[in-house]
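2 protein chains.
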Amino acid sequence: MPAESDCTAMLDSETKAVETPEDHAEELRLWLRLLTCTTLIEGEVRGRLRQRFDVTLPRFDLMAQLDKVPDGMTLSDVSKRMMVSNGNVTGLVERLVESGHLDRRTSETDRRVQVIRLTKLGRAEFRKMAAEHETWIADLFADLSPKDVRELMRLLAKTKASAQKSAARRRP
Amino acid sequence: MPAESDCTAMLDSETKAVETPEDHAEELRLWLRLLTCTTLIEGEVRGRLRQRFDVTLPRFDLMAQLDKVPDGMTLSDVSKRMMVSNGNVTGLVERLVESGHLDRRTSETDRRVQVIRLTKLGRAEFRKMAAEHETWIADLFADLSPKDVRELMRLLAKTKASAQKSAARRRP
DNA sequence: CCGAATTGTTTTAAGCCTAAAATGTTTTCC
DNA sequence: GGAAAACATTTTAGGCTTAAAACAATTCGG
Numbered sequence: 000m001p002a003e004s005d006c007t008a009m010l011d012s013e014t015k016a017v018e019t020p021e022d023h024a025e026e027l028r029l030w031l032r033l034l035t036c037t038t039l040i041e042g043e044v045r046g047r048l049r050q051r052f053d054v055t056l057p058r059f060d061l062m063a064q065l066d067k068v069p070d071g072m073t074l075s076d077v078s079k080r081m082m083v084s085n086g087n088v089t090g091l092v093e094r095l096v097e098s099g100h101l102d103r104r105t106s107e108t109d110r111r112v113q114v115i116r117l118t119k120l121g122r123a124e125f126r127k128m129a130a131e132h133e134t135w136i137a138d139l140f141a142d143l144s145p146k147d148v149r150e151l152m153r154l155l156a157k158t159k160a161s162a163q164k165s166a167a168r169r170r171p
Numbered sequence: 000m001p002a003e004s005d006c007t008a009m010l011d012s013e014t015k016a017v018e019t020p021e022d023h024a025e026e027l028r029l030w031l032r033l034l035t036c037t038t039l040i041e042g043e044v045r046g047r048l049r050q051r052f053d054v055t056l057p058r059f060d061l062m063a064q065l066d067k068v069p070d071g072m073t074l075s076d077v078s079k080r081m082m083v084s085n086g087n088v089t090g091l092v093e094r095l096v097e098s099g100h101l102d103r104r105t106s107e108t109d110r111r112v113q114v115i116r117l118t119k120l121g122r123a124e125f126r127k128m129a130a131e132h133e134t135w136i137a138d139l140f141a142d143l144s145p146k147d148v149r150e151l152m153r154l155l156a157k158t159k160a161s162a163q164k165s166a167a168r169r170r171p
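Quick mapping for you: the protein sequence lines, in order, are chains A and B. Numbering that gives the first Met the number 0 puts the first residue of the first sequence at 0, with every later residue one more than the last. Numbering that gives the first Met the number 0 puts the first residue of the second sequence at 0, with every later residue one more than the last.
These aren't lab readings, by the way, just hints derived from the structure by calculation. Incorrect hints may have been included.
No copy is singled out in the list; a pair is fine if it fits within one copy or between any two copies.
List of simulated lysine-lysine pairs, DSS-like, C-alpha gap at most 25 Å [claimed, not checked]:
id	residue 1	residue 2
1	Lys157	Lys79
2	Lys79	Lys164
3	Lys119	Lys159
4	Lys146	Lys164
5	Lys146	Lys157
Remember, it's a predicted structure, so these values are computed and weren't measured experimentally.
With these hints in hand, go ahead and build the complete structure from the sequences.
Here's what the structure looks like:
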């Protein structure tokens, strides 16, 4: 077997663009681990919300967005904040209005816009759920030291920025 | 206003069990950031898979599981590995068998069990997609240094362990 | 050996989610 | 002013997802 067959792509150090099938296995493993963590925690939260309060995670998330703004938000705002499609929000809101948790009205100044806000009932129920939810999260992350939490926050911020940049590169 | 109203819960340092509405805001913010990162990257990958290969993320994920094992897996195995419900896998597999990417057969030794594996076509298509997928992931994480990647891996491993422990505490 | 648990899968009913097309409204700008 | 672009939302069609119930096959204990 000739020696050449052992050459690695690295030999060709001057012309870096030349087909160097680079190794990205580490990033791939990182992505899978990130996904696993999120799926695990999300599933746990989903199950607890259903058992304790008979509510779905998307509904809880939507109410969480609205709890922060007393004057309500438009559907587009919610859609952007939750990073879900417009049509998705339409259906979600429909069901929450139906159940009396949300109030929806057409904007006076722009008749395209629907403004939604929590009803008294919706806010009360959300606050109750949110309090318990916070303890679940604390418990799920219980083994992380304050320093771990800070460090994770920092690295995830960096990750988010990197991903946003990459997404923008593709969709300018 | 009497001085007592400024007392914090911390004053009562001996009896820690006494209603100390502890502050878990940091963990909550961490969870939201983790979720944001995952959603962002997942959405990006989903979109690219659809545009480039007209395939959905769940199908890609299922094929990824099968690519690792030439002899195939049972539906339960897949379900556990992907952390999704059994019924979900049934439907997913149905569609992938239909499109010729998967082969499904009943186990000889246990007629309850369905063994699925990639077909030649399925494997070939998956390999093509996976190669490109890896470059997307590398690009999405491009701004992280190798040290960042290692550190994130470590912290996410710790997070996963913590969450699993918490889940087990609730469901023994 | 046989009934009772257990295990693996499918079905069911309901809800979530997306991309793309359609609808209605406002703004832009000639 | 009015056509065209931009915007906010809804609709549509299809797929994903879950929990729970139903079904089928195997294993376990007496």
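Comparing the hints with the structure gives:
Taking the shortest Cα distances, Lys157 and Lys79 sit within 25 Å of each other inside one copy (21 Å), while across copies they are farther apart (31 Å). Taking the shortest alpha-carbon separations for Lys79 and Lys164, only the intra-copy value of 17 Å comes in at or below 25 Å, while the best inter-copy value is 34 Å. In the homo-oligomer, the alpha carbons of Lys119 and Lys159 never lie at most 25 Å apart, since the shortest distance is 35 Å inside one protomer and 37 Å across protomers. With identical chains, the CA atoms of Lys146 and Lys164 are at most 25 Å apart between copies only, with a shortest distance of 20 Å across copies and 27 Å within one.
In the homo-oligomer, the alpha carbons of Lys146 and Lys157 lie at most 25 Å apart both inside one protomer (17 Å) and across protomers (13 Å), since each shortest distance falls under that limit.
Checked against the numbered hints above, the structure violates only hint 3.
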